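One-letter residues, chain by chain:
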Amino acid sequence: GENVEQHPSTLSVQEGDSAVIKCTYSDSASNYFPWYKQELGKGPQLIIDIRSNVGEKKDQRIAVTLNKTAKHFSLHITETQPEDSAVYFCAAGGGTSYGKLTFGQGTILTVHP
Amino acid sequence: GAVVSQHPSWVICKSGTSVKIECRSLDFQATTMFWYRQFPKQSLMLMATSNEGSKATYEQGVEKDKFLINHASLTLSTLTVTSAHPEDSSFYICSASGRTEAFFGQGTRLTVV
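Sequence order for the protein chains is U and H. Residue numbers are given in the working numbering: position 28 of the first sequence equals residue 28, and the series is strictly consecutive. Residue numbers are given in the working numbering: position 52 of the second sequence equals residue 52, and the series is strictly consecutive.
Everything labelled a hint here was simulated from the structure, so no lab data went into it. Everything numeric in this text was worked out from a predicted model, so none of it was measured. Check the hints yourself; a few may be wrong.
Stated by the list, open to error - List of simulated lysine-lysine pairs, DSS-like, C-alpha gap at most 25 Å: (1) Lys37(U) - Lys57(U); (2) Lys55(H) - Lys14(H); (3) Lys68(U) - Lys58(U); (4) Lys41(H) - Lys37(U); (5) Lys55(H) - Lys20(H); (6) Lys71(U) - Lys42(U); (7) Lys55(H) - Lys42(U); (8) Lys68(U) - Lys42(U); (9) Lys20(H) - Lys64(H); (10) Lys20(H) - Lys42(U); (11) Lys37(U) - Lys71(U); (12) Lys22(U) - Lys55(H); (13) Lys14(H) - Lys42(U); (14) Lys22(U) - Lys37(U); (15) Lys66(H) - Lys55(H).
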């Protein structure tokens, strides 16, 4: 089955700095790679996703890159703000069922004012 | 965007009793829903795939007789934790596949005392 590794487990940055979280996956059949933000006691919220036919996607301060050959994908957050502080999860999935996902271990991001 | 609603958001039950958690897709039909489990400070682990009108598919290591899943309609899936024990205490989260992404419920915090 799929295995997703996520690093780092914790990340502390100053407000305005950039944050980068990296994930690797094992199953070459995976073709859908979403990133979720989870706040304490809540379900995960999709912040950006990328599909295997695209190498990079950007949405305002958030960007995701995908290297299918190396089985790597990364989340980039620029101009971080204190409200970006949360747990971030990467995930990998395949086929047309977007809900069946294997999650990374999570990254606790803390943005200091 | 589409909304997935879970109920209850938290529940406390006595050891040995059963608890039912509901997952509803509010504005779209979901032939497939998914149930995840999340222990404190850990990642989401897929428990089972809930298929409308047929039996659920359970991931390896998940007891199907303990975690009963029913998907009786295109908008409702239920997870029943039978004969709950303290080790079943966890955060349970459902998701439903939309056309282009997965939508997650807000989660249910189960505490077994």
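Hints and how they fare:
1. Under the criterion of a C-alpha separation no larger than 25 Å, the hint pairing Lys37(U) with Lys57(U) is consistent with the structure, at around 17 Å.
2. The straight-line distance between the Cα atoms of Lys55(H) and Lys14(H) is roughly 28 Å, outside the 25 Å bound, and the hint therefore fails.
3. Of the pairs offered as hints, the one joining Lys68(U) and Lys58(U) holds, with about 18 Å between alpha carbons and a cut-off of 25 Å not exceeded.
4. Proposed proximity of Lys41(H) and Lys37(U) is supported: the alpha carbons are some 14 Å apart, at most 25 Å.
5. The hinted pair formed by Lys55(H) and Lys20(H) meets the criterion: a straight-line CA distance of about 17 Å does not exceed 25 Å.
6. Between Lys71(U) and Lys42(U) the CA atoms are separated by roughly 29 Å; this puts the pair beyond 25 Å, and the hint is violated.
7. At roughly 28 Å between alpha-carbon atoms, Lys55(H) and Lys42(U) are farther apart than 25 Å, so this suggested pair is violated.
8. This hinted pair does not check out: Lys68(U) and Lys42(U) have alpha carbons roughly 31 Å apart, beyond 25 Å.
9. A threshold of 25 Å between alpha carbons decides the hint, and for Lys20(H) with Lys64(H) the separation of about 14 Å falls inside it, so the pair holds.
10. In summary, the hint linking Lys20(H) to Lys42(U) is supported, as the alpha carbons are separated by about 19 Å, within the 25 Å threshold.
11. Simply put, Lys37(U) and Lys71(U) have alpha-carbon atoms about 22 Å apart, close enough for the 25 Å limit, and the pair holds.
12. Pair hint Lys22(U) plus Lys55(H) does not hold up; C-alpha atoms about 36 Å apart against a cutoff of 25 Å.
13. As the CA atoms of Lys14(H) and Lys42(U) are separated by approximately 24 Å, the hinted pair is consistent with the 25 Å bound.
14. With a C-alpha separation of about 14 Å, the suggested pair Lys22(U) and Lys37(U) falls inside the 25 Å cut-off, and the hint holds.
15. Note on Lys66(H) and Lys55(H): the hinted pairing holds, with a Cα-Cα distance of about 14 Å set against a maximum of 25 Å.
The structure fails to meet hints 2, 6, 7, 8, 12 from the earlier list, while all remaining hints are met.
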